[in-house]
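Residue numbers (our numbering), protein chains in the order written: chain A, 1 to 436; chain B, 1 to 292.
It is worth saying that the hints were derived from the structure and are not from the lab.
Heads up, the beta-carbon is just placed ideally off N, CA and C, and yes, glycines get one too.
Be careful, since some hints might not be right.
Chain A is nowhere near these chain B residues, computed Cβ spacing over 10 Å in every case [said to hold, decoys possible]:
(1) Q19
(2) F26
(3) F45
(4) G46
(5) V115
(6) N129
(7) P130
(8) V132
(9) Y144
(10) W146
(11) A177
(12) W202
(13) F229
(14) V248
(15) F256
(16) Y285
Distance windows between CB atoms, simulated [what the hints assert, rightly or not]:
(17) E38(A) - M272(B): 42 to 50 Å
(18) E334(A) - V75(B): 56 to 64 Å
(19) E334(A) - A74(B): 57 to 65 Å
(20) F283(B) - R218(A): 17 to 25 Å
(21) P112(B) - Q350(A): 55 to 63 Å
(22) F214(B) - R218(A): 29 to 37 Å
(23) T276(B) - N410(A): 31 to 39 Å
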Amino acid sequence: MFKTAATLLAFSATPALAATEVQWWHAMGGELGGKLEEIVQGFNESQSDYVVVPTYKGNYAETMTAAIAAFRAREQPAIVQVYEVGTGTMMAAKGAIRPVHQLMQDEGETFDPAAYLPAVVGYYTDPEGNMLSMPFNSSTPIFYYNKDVFEKAGLDPETPPKTWSEVEEFSRKIMDSGAASCGFTSAWISWVHTENFSAWHNQPIGTEQNGFGGPSARLTLNGPVQAKHWGNLKKWADEGIFKYGGPGPGDNAPPMFYSQECAMYMNSSAGRAAVIANAKDFDVGFSMMPYYDDVEGAPQNSIIGGATLWVMEGRPAEEYKGVARFFSYLSSPEVQADWHQFSGYLPITQAAADLTRSQGFYDENPGAEISIQQMTLNPPTDNSRGLRFGNYVQIRTAIDEEFEQLLAGNKDAQQALDALVERGNKLLEEFEAQSN
Amino acid sequence: MKRSLFQHRLLPWVLLAPQLAITLVFFLWPAAQAIRQSFLREDAFGLSTTFVGLHNYSELWRSAEYLNSLKVTAVFAISTTVLAMGVALVLAACVDRLVRSQRAYTTLLVWPYAVAPAVAGILWWFIFNPTVGVLPHVLDRLGYDWNHLLNSRDAMILVVLAGAWSRISYCFLFFLAGLQSIPQSLTEAAAIDGAGPFKRFWSITLPLLSPTTFFLMVVNIVYAMFESFGVIHATTSGGPAQSTNILVYKVWYDGFIGQNLGSSAAQSVILMLIVTALTVVQFRYIERRVAY
């Protein structure tokens, strides 16, 4: 018995010993982490030359910090998952990262940039259109609402609000009728109500095509349209129509929607699975983000958030071959469609989106397609391709802090946004000086 | 003879070596690194480094956020110290009067000291959470709209409570020991002279406790400034709008989240100077006062 086990072990261990290990540090906990490991296992079983080893390194900030510290100590992984706000920092680190387009070319993998969804990869390409990192989990904010509360308030549950004035009007009806005590709440003030809001209304987030043009870009978030929206959020917060969910991801927002305290809610399309799992006592409706109909060019298209996979320099040559093979596997329609359907993240290739549609997923799961429709509503302009600024992790914090100043009544919307731009630009100047 | 002398001279160093090695590796070397880094401007990956002199320091004095952090730290350290010591003194005075149940009360009161700061922080987070917490619910009934996510005063109250709570046990132990070392004969003599309990406490006990009080004051201020990272991280994360962003939290945030190593290093050098100053004050003052 023991002998058989030992022989088995020896046989199964042989290919693993010959295979090259490729380290992948990621930030996907919980169910997403489980799914990620399933994908990796699929790749490892599909061939015998490479073994990808995924390691959970904590949240996005922790994972990025760990990778940077490891690079300084020359112990970096081959692949690291970095969130979108770290893009500027990663791009500027010329000797630390290997661009994906170059990797695929060097390793002779078939790689067709045109197969990828421009709305997703556009965020991660250099000015010449070359892909720098491999999109893995990208999402965009969408609008969720409680159909039962709409019905109780005498609203049509199949007609979500299209504009912000309708959001206000519906909220008042809902609150007056007692169907819910608050109109709406939201995750991510920075990502949803500042960055995406600007793109959705075709307003510049910064100069130099929102930073895509180079590190000399500065923020321009203090325009009249953004000031109007922040001012309205403050007004609605005072009236109880809007409830603030806290800084960063706004951790207090989801419970307010799940408990039916707030009738409407904005969060990442990747939050869809959680919403469905938690909305046990009511029906959920999905829709595109509201807009101001008096702003010319709105609605434009929304932009993404999430993370991509960066390849780090300084690993043995044979590992890069494995990375390239793994990226090809990861972009295959079957793997992408599976990941997209499971997680609510966007598919990164057109083929994966088509496969998902042909499998009938969108017909069976209403709302799952909203994110793609909203992302691709119009061809992106310079204001709606995405954003790319250095030190953006701190700028995100500054957005939250200035918004809190506004809600606390210490500043009005214009003052808060002006202060935000001033603080943000100081961080951008510092970053520009650091990278030179 | 000479040989044995040599051995004699070497032996103390050998015995000291482990301790010296630890100090060198875990204190002096990182401290030297911090000082070096504070004069540099470097990108996150360490690919390009420039010497910028005192730029990182001068930027701090021009930064409204840093000055705010200094102010916040002062408020936090003083409030935490006063609250923790005040409560601990009252409790110690009460327990000191007990005869049979003293040990039981002492054990119970020391208990919170064993709770890890992060665990305590999470407990406070749950109790005070504006959406799901118990206390905001109760306060709401009383007509107070508690929201430490928006209201900076609420946030400060929360971190001070959380910070002081874990220190009460520590102060209590020292105060109790201090009280018990005061000779009974002194208070008895005062009682015979007609001094009431309050007068006795004010004129005899308190002055005799002053070395303990002073020691605790310095230790608590150092604690509040340097060891309260866990409490802040688990409750407010320095918010809202940096109203609880104490110096040590800002060092961590700017360095590890913001990847601005130069500024973070400059801030930690300043912190190092502050703690050195506090330690000097403590030793000089206590040494003078301890022999009463």
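A quick look at each hint next to the structure:
| no. | hint | in the structure |
| --- | --- | --- |
| 1 | Q19 | 27 Å, holds |
| 2 | F26 | 17 Å, holds |
| 3 | F45 | 4 Å, violated |
| 4 | G46 | 5 Å, violated |
| 5 | V115 | 23 Å, holds |
| 6 | N129 | 7 Å, violated |
| 7 | P130 | 7 Å, violated |
| 8 | V132 | 7 Å, violated |
| 9 | Y144 | 16 Å, holds |
| 10 | W146 | 13 Å, holds |
| 11 | A177 | 42 Å, holds |
| 12 | W202 | 42 Å, holds |
| 13 | F229 | 15 Å, holds |
| 14 | V248 | 17 Å, holds |
| 15 | F256 | 5 Å, violated |
| 16 | Y285 | 39 Å, holds |
| 17 | E38(A) - M272(B): 42 to 50 Å | 48 Å, holds |
| 18 | E334(A) - V75(B): 56 to 64 Å | 58 Å, holds |
| 19 | E334(A) - A74(B): 57 to 65 Å | 60 Å, holds |
| 20 | F283(B) - R218(A): 17 to 25 Å | 50 Å, violated |
| 21 | P112(B) - Q350(A): 55 to 63 Å | 59 Å, holds |
| 22 | F214(B) - R218(A): 29 to 37 Å | 52 Å, violated |
| 23 | T276(B) - N410(A): 31 to 39 Å | 36 Å, holds |
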